[in-house]
Structure formats: structure tokens, C-alpha cells
Amino acid sequence: MNDNTERDSLVSTTTTANGSPNPEFNRLAVDDSRQFGMAQPAPMFRSAWNMGAGEETDLNPRQVLAVFFRRWKIMLATFLTVVLSVAAYTFTTTPIYQAEALVELEQSNGSQLGNFDAAMPFLTEMMGANQQVSQDTEAVIIRSSTVQDAAVLRLAPQQRKSVDPTFVTVATLPHTNLLKISAKNSNPKTAATHANAVCDAYIDRSLKKARGQVGVATDYVRDQLVIVRRDLDRARTALRQFKEKNNTVDPGAESLDMIKRLGDIESELKMARAEYAGQMAQAAKYAAMSRGMASNIESASTIIVPQYVTDLRARLSQLELERGQLLVTYQPTSRKVRDIDRQIAAVRQQLRKPIKRETQISRQDPNPVRMSIIQKQAEAEGMILAAGARSQALQQASNTLRGQLGQLPGRQARLSQLMSDLTTEEQTYALLSEKHQTLKLSENARQANAEVIEKAKVPIDPIKPRKLINLSLAIVMGLVLAVLLAAVVERLDDRVHSGEEASDITQLPVLAYVPLVEGERDKMLVSTATQNPLLREAFRMLRTNISFMAIDAPIRSMVVTSTQPGEGKSISSVNLAITAAQGGEQVILVDCDLRRPSLHRIFDLTNKVGFTSVVSGASSLEDALQQTNVPNLRVLTSGPVPPDSFALLKSRAGRACFQQLAEAADFVVLDTPPALVMTDAQLVASVSDAVLFVVSTKEASKRDVARTRDLLTQTGASVLGILFNKMSAGGGGYYGYYKYQNYSHYFDSQEPSEDDEHEPTAAIEEAHGSSNGNKKA
Numbered sequence: 021m022n023d024n025t026e027r028d029s030l031v032s033t034t035t036t037a038n039g040s041p042n043p044e045f046n047r048l049a050v051d052d053s054r055q056f057g058m059a060q061p062a063p064m065f066r067s068a069w070n071m072g073a074g075e076e077t078d079l080n081p082r083q084v085l086a087v088f089f090r091r092w093k094i095m096l097a098t099f100l101t102v103v104l105s106v107a108a109y110t111f112t113t114t115p116i117y118q119a120e121a122l123v124e125l126e127q128s129n130g131s132q133l134g135n136f137d138a139a140m141p142f143l144t145e146m147m148g149a150n151q152q153v154s155q156d157t158e159a160v161i162i163r164s165s166t167v168q169d170a171a172v173l174r175l176a177p178q179q180r181k182s183v184d185p186t187f188v189t190v191a192t193l194p195h196t197n198l199l200k201i202s203a204k205n206s207n208p209k210t211a212a213t214h215a216n217a218v219c220d221a222y223i224d225r226s227l228k229k230a231r232g233q234v235g236v237a238t239d240y241v242r243d244q245l246v247i248v249r250r251d252l253d254r255a256r257t258a259l260r261q262f263k264e265k266n267n268t269v270d271p272g273a274e275s276l277d278m279i280k281r282l283g284d285i286e287s288e289l290k291m292a293r294a295e296y297a298g299q300m301a302q303a304a305k306y307a308a309m310s311r312g313m314a315s316n317i318e319s320a321s322t323i324i325v326p327q328y329v330t331d332l333r334a335r336l337s338q339l340e341l342e343r344g345q346l347l348v349t350y351q352p353t354s355r356k357v358r359d360i361d362r363q364i365a366a367v368r369q370q371l372r373k374p375i376k377r378e379t380q381i382s383r384q385d386p387n388p389v390r391m392s393i394i395q396k397q398a399e400a401e402g403m404i405l406a407a408g409a410r411s412q413a414l415q416q417a418s419n420t421l422r423g424q425l426g427q428l429p430g431r432q433a434r435l436s437q438l439m440s441d442l443t444t445e446e447q448t449y450a451l452l453s454e455k456h457q458t459l460k461l462s463e464n465a466r467q468a469n470a471e472v473i474e475k476a477k478v479p480i481d482p483i484k485p486r487k488l489i490n491l492s493l494a495i496v497m498g499l500v501l502a503v504l505l506a507a508v509v510e511r512l513d514d515r516v517h518s519g520e521e522a523s524d525i526t527q528l529p530v531l532a533y534v535p536l537v538e539g540e541r542d543k544m545l546v547s548t549a550t551q552n553p554l555l556r557e558a559f560r561m562l563r564t565n566i567s568f569m570a571i572d573a574p575i576r577s578m579v580v581t582s583t584q585p586g587e588g589k590s591i592s593s594v595n596l597a598i599t600a601a602q603g604g605e606q607v608i609l610v611d612c613d614l615r616r617p618s619l620h621r622i623f624d625l626t627n628k629v630g631f632t633s634v635v636s637g638a639s640s641l642e643d644a645l646q647q648t649n650v651p652n653l654r655v656l657t658s659g660p661v662p663p664d665s666f667a668l669l670k671s672r673a674g675r676a677c678f679q680q681l682a683e684a685a686d687f688v689v690l691d692t693p694p695a696l697v698m699t700d701a702q703l704v705a706s707v708s709d710a711v712l713f714v715v716s717t718k719e720a721s722k723r724d725v726a727r728t729r730d731l732l733t734q735t736g737a738s739v740l741g742i743l744f745n746k747m748s749a750g751g752g753g754y755y756g757y758y759k760y761q762n763y764s765h766y767f768d769s770q771e772p773s774e775d776d777e778h779e780p781t782a783a784i785e786e787a788h789g790s791s792n793g794n795k796k797a
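Under the working numbering, the first residue of the sequence shown is numbered 21, with each subsequent residue one higher.
Errors might be hidden in some of the hints.
Claimed, not checked - Below, a list of computed lysine-lysine pairs in the DSS-like style, where the Cα atoms sit at most 30 Å apart:
#, residue 1, residue 2
1, K228, K475
2, K477, K229
3, K487, K477
4, K305, K543
5, K228, K263
6, K543, K209
It should be emphasised that the hints constitute simulated quantities derived from the structure, not laboratory data.
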């Protein structure tokens, strides 16, 4: 198919049979323009970066990529700052090593003293029998300054300076009786040594505490043993001296039996008094300890003891009195006395069980250690009552037997008394000697309530800084912060960066993307010898798209305006007019910027006569038009500056002048002031066929573009589309990214021919038909 046949086919598809626009053609035109690089209306979506609340958007990879190209410096700087900062911290921070040791706690710690518990129950409390060990309590003890200072003293002098007790942590392992002791240090060997030293210091303290509990009882028994030994010596001396002086013999069998019973009672009386004194000491110690502890309860002084405890204490006192009365008549080994002893032992066992007490004031989170001490204090007070009752009963029994012995003859009574005292002291001394030996053996056999099951080993890798993790997190954080910062900057940036944004704001299609041309003004014109091929093709595309968008109603006059000065609307007007003239159309370029005219300087023309001269009647249109060095292109400069440009443009003469211009050429390009700055553009747009909105990339603000579009549409003007100007490589749109460079190489390798320059306009002429019959030379 030849070129003419293709053009005929193209023109035949633009309209339907009744002359209305063919929608199928419009769809095909859009598809073809995308295929061949022609700019068409951008999809109606907002950038993902600039989406407002409640707005929906399609995630366009091109827009995201455009933001990346625009903000890559900020993103790269943010990413490098985060990564390098973390890397500097990671590689300059002194590494910290952590060594860990495991300690196992014993569930109970106590010893069996056999029958001695029944004889002196307070010793059981002093030795800590059946004492439950709390993991939390032991953890606090390990972290205490006492253990930590002792651990530091175990280290070498050069290691002591580098350790910090605050770097020691103790963790309880759930559902076990294990403690994990950790020590941190910049030296891995010191960390392991410190952890092991803490374990050793804790074990030593535990051992001393365990042995110290027995030591208290041992010291008490030893002191009592010294006293009893002294009393025993005095009793033996007194008996010997009495026998020597009176030359007496041993008393009879009845007296001996009474003496033996009195000795047993006196021995038990001494033990009861010792128990009473010991329980008093224990109660005082527990009271002092409870007063020095912190408590979370509202009232810690008022404790209501349950009634059953009171009953048990009364029962114990009654049994002690009954036992004392029986001892007057029976031996301690008799059946009745043994029955009473069993009952007393049973009551004592019940009193040792945990007492459930009630308080007058409700408490929250009570201190368990303090409550345990109060429990022991209450138990000690109960034992004090029992020991007092026991002493009282034994004292009464002793007094009774002494009274009976006093009824014997004088020397026999005195001899019986001395023998009774000696028997009492011997029995007491024998009992104390036996228990003293037992306590010594128990003290030496005592073990600590904890054991190190795994010593700390020298760590190989530091726990911080973790280089790989830190760098990985730095990379992720750097990327996230870079993206967030780019999004924030993009959100705050009110400039238009791409044609898609301009189309989205104005709801207008982008008719062409004009590349950024830097340098002298001649390089910005499509007619000069140093023309840019991309610049030439952009305005060819612009003229072709304008023609395709108005097939049935050809556009004879077009206003070119922008939002603010400096966006390139005048150069765009010139290049559009030159492109149309090079296509064979008779074109008139009018400078309607009456306050700041510029077209006469661009074409090096005089501005003494121009548009204002024609409107004022000082000159005719034909005389005011000036021919340029571009064939088919004439320029009507602004002329002398009027006092009121708005009134001049609004006058009947002004409207008539615009009508004359439309009839005098095939295509009239009207260069107006920026629409947002002056109302002249709105006025001229109301009498023209269409408006071309020039938007400069990175110079026009989104707010101004939207406002300008509203101002133009309010006048009833037909805003045809957008000319996206000063498009740089990587700025998005048709010339965005890598395409800019690719197409520039294409144009560098193929110079356009003369036929190519006139081909687009030829198709337009055939599409217009008779509308182009009134061309003027």
C-alpha cells in the first residue's frame, strides 16, 4: 500500500457516516500514538507518593521509578548515612563477651538431730531444718554487693580493674531449680573467670551460712555445757565434804528413788528453762528482722492468729502441767509419763505446720520473706508459752519432791539433797555432752545448698556488637528510611515533575513532551541550523495531535499560555508556529503579551507597529503583519504598550482584530501572558478556538497548575491539552528514563529529508479538505 492510500484510509476512519467523531478512531489513535511515541492523555491516577487520604490509586511502576530517579540523591545519602553510621559504630565499639555458668539449688537444707529435737525444739529453728530455698531470693543474694565484692577479690589484680559488678546478671530458668549466672567483659577470659568467681563466692557464702546455722546451736550447747560442768563440780565437792564431815552412809532405797526422780525432774527443768531462753532469743531475733524489712502491706503489726492455734497452745500447756504432776509420783520411763510425752510431741508437730493467719487490713503483694519470718516468730512465741508451762510444771514437781525429802531426818535429808543435785548435774552434763558432739559432727557434715553443675567457659564470639546482624539491620533500616524520606520529600514537593502528574491535576491530555534545551535562544528554535532533532519532533507531534483532536471543527486560532513567567510559553508559541508553517500552512503568530512582549526580539523585528496599532485603527492588519525568514510564517508583534491592555483586548475592535486574523491564515498562534498572573489570557482564550497549556517541569507548582486550569475553563475556553515543557532525561514521560538517550541516538544517525518535513501536514490538509482552500500567500 502506498503513502496516499494510507492517508485516505486514515481520513476515512475519523468520522462516521453522519459526520460525528468516530470513537473507535480515537481509541486506535491513542494506541497508535503510544506505539510510535506520540504523547496522549495520561491515565487518571495520582502518584502513589502524593495520594491523599481516602484517594484510590493504581500502583504505577513508572511513577515509582520516576520518584526514584528524582530523589535518588536523597535516598542514596540517607542509605549511606545509616549504613556507614552503623558500620562505624559496629567496627569501632569494643566487643563485649558473655560467659555463662549454671548453678543448681537444693530443694531443702537441714539435718536430723534425733531425740534432741524433742528435748530442745528451738535448735531446729536455729539450724534452719527443712528450709525451702527460693530461686528469686538466691538470685537477689548473688547480685548483692556481698557476693559481688567477694567474687572480685578472687580475681587477679590486673583483672579487678576491668570487671564491673553491674555486668553480672542472674536468670532463673522456668520449671527448674537452676540459676544461670552471666558475666560480661571486653576480655573473654576475664568474663569466664568473673562468672566462675561469682559462683565460687556464692557457694562459699552458702556453705558458711549452712554451717553457721548449726554453729549457733553448737555455741549455745557449749556455753551451757561449761555452766553445767561447773555446777557438777560444785555438787560433787559439796557431797564429798558432807560425807567426810558427818561420816554418813548412803540413804535408804526409798530416799534413793526420790533422789533419782528429783534428779530427773531437775534435769528436765534445766532443759526447759534453756529452751525457754532460746525461744525468747529466737523470737526477739525474728521481731528485729521483720521490723527491718520492707513490706507492701498496709498494716503489718496486727495479726489475728486462728483459734485452732490458740487451742493447740493451751492444750500443750495443759499437757506439760499434767506431765509435771505425774513426775512427782512416777518415773519418766513409766507408761503414763510416756503417754503424756507422745501427746506433747503430737501437739508440737501440729504447731510446726504453717499457720494460716488473717490480717485486719487487706494486703497486696506481701513480702514472702518477711511473712516467713513472722511465721517463725509466731511459732517461737507459741513455743515460749509451752516452755513456760513446762518449766512451771517441773518446778512444782521439784518443789513437791524436795518437800518430801525435807521430811526425812536432818543429815539424811541433807545427804539426799546433795545426792539429788549431783544426779541432776550428771544427767544434764551427759545429755549436753552427747548433743555437743552430735552438733559438731553435723556442722562438719553440712554442705552448701547450691552446686555448680556447669562452669563458665571462655566465649569465642562476642555478644555485641553483632556485626552481621547490625549491618543487615542497617541495610534494611537504610532502605526503609530512604524510601520514607523520599516519600516525605515528594509529598512536600509541590512542583510538577512528570506529564502524568500534570495530566492528573488538570484532567487534560499531554499533547507533547518538549525536551530541555540549554544554551542560547537560537538552539531553542526548530528553524535554526543548530536545531535539536528531539525538539523538532516534539512540535511536529504537538501539531499533529492538535489536528487529530479537532478533525470536524479545525482549530484556526490557538492561545498559548502558562501559569507563571519563565515556563517557555513564548518559545513554545514560536516553535509551534514555525512547525505549522514548515508543514505548508499559512500561519500568523500574534504577540498578545502587551506588557512584556518578546516575539519581536526573537525574530529581530520592529515593534513600532503591531496588534495595538491595528486595534486602535492606527494601522491595517496587512500593514502590521511582518514576514519572517520562515516561509508561510508572519508575525504580528504587540505594538506600542497601551495604558490598559485588558480594556483594549475586550473592546469590539480587539475582537474584530482576532476575527480578521482567523480569516487571514490557516492557523493563528496567540502568545498571551501567564493566565495566573494576568486576566488577558482568559479574555483572549474566550474568543479563540482552543487553548494550549504550557507546563514546565520542576518549575510549575501543582497548586498553580490546578488553579490556572480552573481559571481557563471558567471563561468557557476549550483547553485542548498540555505541552509539557523543559523535559530532562530521567524526568519521566515520553522522554523519561533511558528512552531519551535511545531516541537521541536514533535522530543523530538519520537526518530528516525534505519530504519527511511536509508529510504530517499533508495528511492534515487532506483531512481538512476544503477548510484549507483559503490559504494566503
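Evaluated hints:
Pair hint K228 plus K475 holds up; C-alpha atoms about 21 Å apart against a cutoff of 30 Å. The suggested pairing of K477 with K229 holds, with an alpha-carbon distance near 28 Å, which does not exceed 30 Å. The suggested pairing of K487 with K477 holds, with an alpha-carbon distance near 22 Å, which does not exceed 30 Å. Our distance criterion of 30 Å between C-alpha atoms is broken by K305 and K543, whose separation comes to about 104 Å.
Restraint check for K228 and K263: the C-alpha separation of about 51 Å exceeds 30 Å, so the hint is violated. Simply put, K543 and K209 have alpha-carbon atoms about 75 Å apart, too far for the 30 Å limit, and the pair is violated.
Violation of the numbered hints given earlier is confined to hints 4, 5, 6; the remaining hints are satisfied by the structure.
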